[in-house]
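There are 2 protein chains.
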Amino acid sequence: MCPKYESAAELLGKKWTGLIIRVLLGGPKRFKEIKEQIPDMSDKMLTDRMKELEAIHIVKRTVYPEMPVRIEYELTDRGHDLEPVILSIQDWGEKWM
Amino acid sequence: MCPKYESAAELLGKKWTGLIIRVLLGGPKRFKEIKEQIPDMSDKMLTDRMKELEAIHIVKRTVYPEMPVRIEYELTDRGHDLEPVILSIQDWGEKWM
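Protein sequences, first through last, are from chains A and B.
Positions 0 to 96 (numbering that gives the first Met the number 0) are the ones given, in order, by the first sequence.
Positions 0 to 96 (numbering that gives the first Met the number 0) are the ones given, in order, by the second sequence.
So here's chain A without its partners, still in its complex pose (with noise of 0.2 Å):
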């Protein structure tokens, strides 16, 4: 359990994280769609939480080339499944935080 398992914890831990994955379960989104739905985090803070997910293969971000250019955010297959942890900890921590 211990590595893999702290890596994934330590990962869902991080402030807004489980909040963007959540808004990326709704489908592919451009970061204008997903600030819209997070108003409290800054630019910059959506801006280093993409990125992060991007490295680690849950999100993919792809540019379509028009005029002007679209940015789209979507989570990869690892990040969908992602979708039963965050609904358990969401469950737990509704009934008892």
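These are computed hints drawn from the structure, not numbers from a lab.
Treat the hints loosely; a few may be bogus.
Claimed, not checked - In the DSS-like style, the derived pairs of lysine-lysine whose C-alpha atoms are separated by at most 30 Å in a straight line are:
#, chain 1, residue 1, chain 2, residue 2
1, A, 3, B, 14
2, B, 13, A, 59
3, A, 31, B, 3
4, B, 14, A, 14
5, B, 13, A, 13
6, A, 50, B, 3
7, A, 3, B, 94
8, A, 34, B, 13
9, B, 28, A, 59
10, A, 14, B, 13
11, B, 43, A, 14
12, A, 3, B, 59
13, A, 94, B, 50
14, A, 43, B, 3
15, B, 3, A, 34
16, A, 59, B, 94
17, A, 13, B, 34
18, A, 43, A, 31
19, A, 34, B, 28
20, A, 13, B, 14
21, B, 14, A, 50
22, B, 34, A, 28
23, B, 31, A, 3
24, A, 14, B, 3
25, A, 43, B, 34
26, A, 3, B, 28
27, A, 3, B, 50
28, A, 3, B, 3
As the structure is a prediction and not an experimental result, all values here were calculated from the model.
We have chain A already, so just place chain B on it with the hints.
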């Protein structure tokens, strides 16, 4: 979701916490018995974590007035309810990390 999710996820992301809870899902244990199952963790770390978990009512500490005194740690209901959370994090970690 926000603050409750994050408090819960932050708790579970602390080093050793998931593992300690997992050991205690097996039933009440003495300090030594927990240590035996997590040999890489220092005594001080286990002491600190147990105090934290006691403070937030996830672990209950019972002193049995025997000779010598016996002290046991067990999960509260709130702690037991973490089982599906820990299992889901572990499943995800094993599949994807």
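Tested hints:
1. A/3 with B/14: holds (12 Å)
2. B/13 with A/59: holds (27 Å)
3. A/31 with B/3: Cα-Cα ~25 Å, so holds.
4. B/14 with A/14: Measuring from Cα to Cα gives roughly 16 Å; hence the hint holds.
5. B/13 with A/13: At roughly 11 Å apart (the allowed maximum being 30 Å), residue 13 of chain A and residue 13 of chain B satisfy the hint.
6. A/50 with B/3: holds (25 Å)
7. A/3 with B/94: holds (9 Å)
8. A/34 with B/13: Holds, at about 28 Å.
9. B/28 with A/59: violated (44 Å)
10. A/14 with B/13: holds (13 Å)
11. B/43 with A/14: The hint holds at about 27 Å.
12. A/3 with B/59: The hint holds at about 27 Å.
13. A/94 with B/50: holds (22 Å)
14. A/43 with B/3: Roughly 23 Å between the alpha carbons, so the hint for residue 43 of chain A and residue 3 of chain B holds.
15. B/3 with A/34: Holds - the C-alpha atoms of residue 34 of chain A and residue 3 of chain B are around 20 Å apart, at most 30 Å.
16. A/59 with B/94: Within the cut-off at roughly 19 Å; holds.
17. A/13 with B/34: Roughly 28 Å between the alpha carbons, so the hint for residue 13 of chain A and residue 34 of chain B holds.
18. A/43 with A/31: holds (13 Å)
19. A/34 with B/28: violated (46 Å)
20. A/13 with B/14: Answer holds: residue 13 of chain A to residue 14 of chain B is near 13 Å, not above 30 Å.
21. B/14 with A/50: holds (24 Å)
22. B/34 with A/28: violated (46 Å)
23. B/31 with A/3: Roughly 25 Å between the alpha carbons, so the hint for residue 31 of chain B and residue 3 of chain A holds.
24. A/14 with B/3: At roughly 12 Å apart (the allowed maximum being 30 Å), residue 3 of chain B and residue 14 of chain A satisfy the hint.
25. A/43 with B/34: violated (42 Å)
26. A/3 with B/28: Between residue 3 of chain A and residue 28 of chain B the Cα gap is close to 24 Å, so the pair holds against 30 Å.
27. A/3 with B/50: holds (25 Å)
28. A/3 with B/3: holds (24 Å)
Going down the numbered hints, you'll see the structure goes against 9, 19, 22, 25, while the others check out.
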